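Number of protein chains: 2
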Amino acid sequence: MGEPPATERADAARNRRRVLDAAKQLFGERGIAAVTLDDVVAAAGVGKGTLFRRFGDKAGLAVALLDEQERALQDRILNGPPPLGPGAEPVERLTAFVRTYVGYVARNTELVAMSQTSSPGARLRTGSHQFWRQHCEFLLASAGAADPGVRADILLAGLTAEQIGYWLHDQGRTPRHLANAVARTAQQLASSPTPR
Amino acid sequence: MGEPPATERADAARNRRRVLDAAKQLFGERGIAAVTLDDVVAAAGVGKGTLFRRFGDKAGLAVALLDEQERALQDRILNGPPPLGPGAEPVERLTAFVRTYVGYVARNTELVAMSQTSSPGARLRTGSHQFWRQHCEFLLASAGAADPGVRADILLAGLTAEQIGYWLHDQGRTPRHLANAVARTAQQLASSPTPR
DNA sequence: CACTCATTCGGACTAGAGTCCGGTTATGCC
DNA sequence: GGCATAACCGGACTCTAGTCCGAATGAGTG
Chain X
0 MGEPPATERA
10 DAARNRRRVL
20 DAAKQLFGER
30 GIAAVTLDDV
40 VAAAGVGKGT
50 LFRRFGDKAG
60 LAVALLDEQE
70 RALQDRILNG
80 PPPLGPGAEP
90 VERLTAFVRT
100 YVGYVARNTE
110 LVAMSQTSSP
120 GARLRTGSHQ
130 FWRQHCEFLL
140 ASAGAADPGV
150 RADILLAGLT
160 AEQIGYWLHD
170 QGRTPRHLAN
180 AVARTAQQLA
190 SSPTPR
Chain V
0 MGEPPATERA
10 DAARNRRRVL
20 DAAKQLFGER
30 GIAAVTLDDV
40 VAAAGVGKGT
50 LFRRFGDKAG
60 LAVALLDEQE
70 RALQDRILNG
80 PPPLGPGAEP
90 VERLTAFVRT
100 YVGYVARNTE
110 LVAMSQTSSP
120 GARLRTGSHQ
130 FWRQHCEFLL
140 ASAGAADPGV
150 RADILLAGLT
160 AEQIGYWLHD
170 QGRTPRHLAN
180 AVARTAQQLA
190 SSPTPR
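Protein chains in written order, with numbering that gives the first Met the number 0: chain X, 0 to 195; chain V, 0 to 195.
Bear in mind the hints are in silico, worked out from the structure with no lab data behind them.
It is possible that some hints are incorrect.
Chain copies aren't distinguished; within one or between two, either way the pair holds.
Claimed, not checked - 25 angstroms max Cα-Cα, derived SDA-like pairs, lysine to any residue: (1) 57 to 34; (2) 57 to 164; (3) 57 to 77; (4) 57 to 32; (5) 57 to 35; (6) 57 to 8; (7) 57 to 75; (8) 57 to 83; (9) 23 to 86.
From a predicted model like this one, the values you see are computed outputs, not experimental measurements.
All chains, full assembly: derive it from the sequences and hints.
Here you go:
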């Protein structure tokens, strides 16, 4: 969506940069909520159609702005050192992921919220979400948990910007406390059922 | 928000009914997505201001339409027979709640989605959500689970209309299968951590 | 350099949610 | 029944996301 096509015209590339830079600056100055897309295109000096053709919609713009961080995180998961990367036990990897992801969302609450705000279910169909889910599902399955698919979705549902923002800003929990609590929960979700 | 004030003028009551009836009918006829609030006020024969003063916003209207079912469910939890109502073991009550709630959302996906669609975090601050959370938190705590508050939120985050709609319509899971899987997950969340 | 044409630009336009306020009407009190 | 007042009504208005299409421009080609 935000990715440039294989071959991109020079003006297109220039304008994409302008939009991203303008958005980044405005969001930083005034807070995301106070910035309209008209503000962004005005500051970028491009037309409205340009922004929408490039990024699809508001959420797409947020995704593009988060892209770099997100790729870095995905790379640490695929190729980095344990416990986040391959090599550690599934449960360890899962809790490491959860802690890292909580931090990522906490550091970018507004932007992530914007990237998750669109038509119902859109969040669940984005490429990056599929990645997180597949990762969690794989780890849960490896740990022998029942219903790994459903549990992966539930876990990630608890890690939306909406939920984390609420815990942090409305309930006053600290990122540290949250990371611990959610990591414990993930660990519990991963353990095999105790037959009785 | 949708509740009438202690004493309500006759015309106000009449218009509230008209709006609710018109909305219910139009939603049933065309599907919620295809109905605008202008359609509703036109069909109800009232002005736009009337709708918004009464219901606050789109989500408020949905809440008002769901009100009856929601109250009934809450009543079964507070005063009904076990395992949903008081009397059963906490874990049993929790899984019973989860199953019932999945069914409730599955039967009203669109409306519940509409009631949860508004400014970020709004869902978490509604009265009814507080009720569900408090109920889950209480049961989780009674069962001896760690972090009952956080786990209640995570569990409920997995039961949004967005998520359930995705499981049902995009992944093709059946309500029955879903209820089972989520109930198992809830049970696991409720059990005490296995020290190792 | 001239030409072609696919790609991109950008601003006017649409749609729908939510606000505002002058006019109207119900209700309680004499 | 007549009156004062608070509550309510409703439609014109605003604000913003998202669409559309004629004009402009970049990039190969001979």
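Alpha-carbon proximity between residue 57 and residue 75, which holds within one copy, between copies, both or neither at 25 angstroms = Neither, since 27 angstroms and 42 angstroms both go past 25 angstroms.
What label fits residue 57 with residue 164 when the C-alpha limit is 25 angstroms: within, between, both, or neither?
-> Answer is both; intra-copy 19 angstroms and inter-copy 23 angstroms each pass.
Between the shortest in-copy and the shortest cross-copy C-alpha distance, which are at most 25 angstroms for residue 57 and residue 77: within, between, both, or neither?
-> neither (29 angstroms within a copy, 42 angstroms between copies)
Residue 57 and residue 34: within-copy, between-copy, both or neither at 25 angstroms Cα = both (11 angstroms within a copy, 23 angstroms between copies)
Could you figure out if residue 57 and residue 32 sit no more than 25 angstroms apart (CA to CA) within one copy, between two copies, both or neither?
-> both (12 angstroms within a copy, 20 angstroms between copies)
With identical chains treated as interchangeable, where does the CA-CA distance between residue 23 and residue 86 reach 25 angstroms or less: within a copy, between copies, both, or neither?
-> Neither: 36 angstroms inside a copy, 55 angstroms across copies.
Within a copy, between copies, both or neither: where do residue 57 and residue 8 come within 25 angstroms Cα-Cα?
-> within (23 angstroms within a copy, 43 angstroms between copies)
State whether the alpha carbon distance between residue 57 and residue 35 is at most 25 angstroms within one copy, between copies, both, or neither.
-> both (10 angstroms within a copy, 21 angstroms between copies)
Should residue 57 paired with residue 83 be assigned to within, between, both, or neither, using CA atoms and 25 angstroms as the limit?
-> neither (31 angstroms within a copy, 42 angstroms between copies)
When each numbered hint is compared with the structure, violations occur for hints 3, 7, 8, 9.
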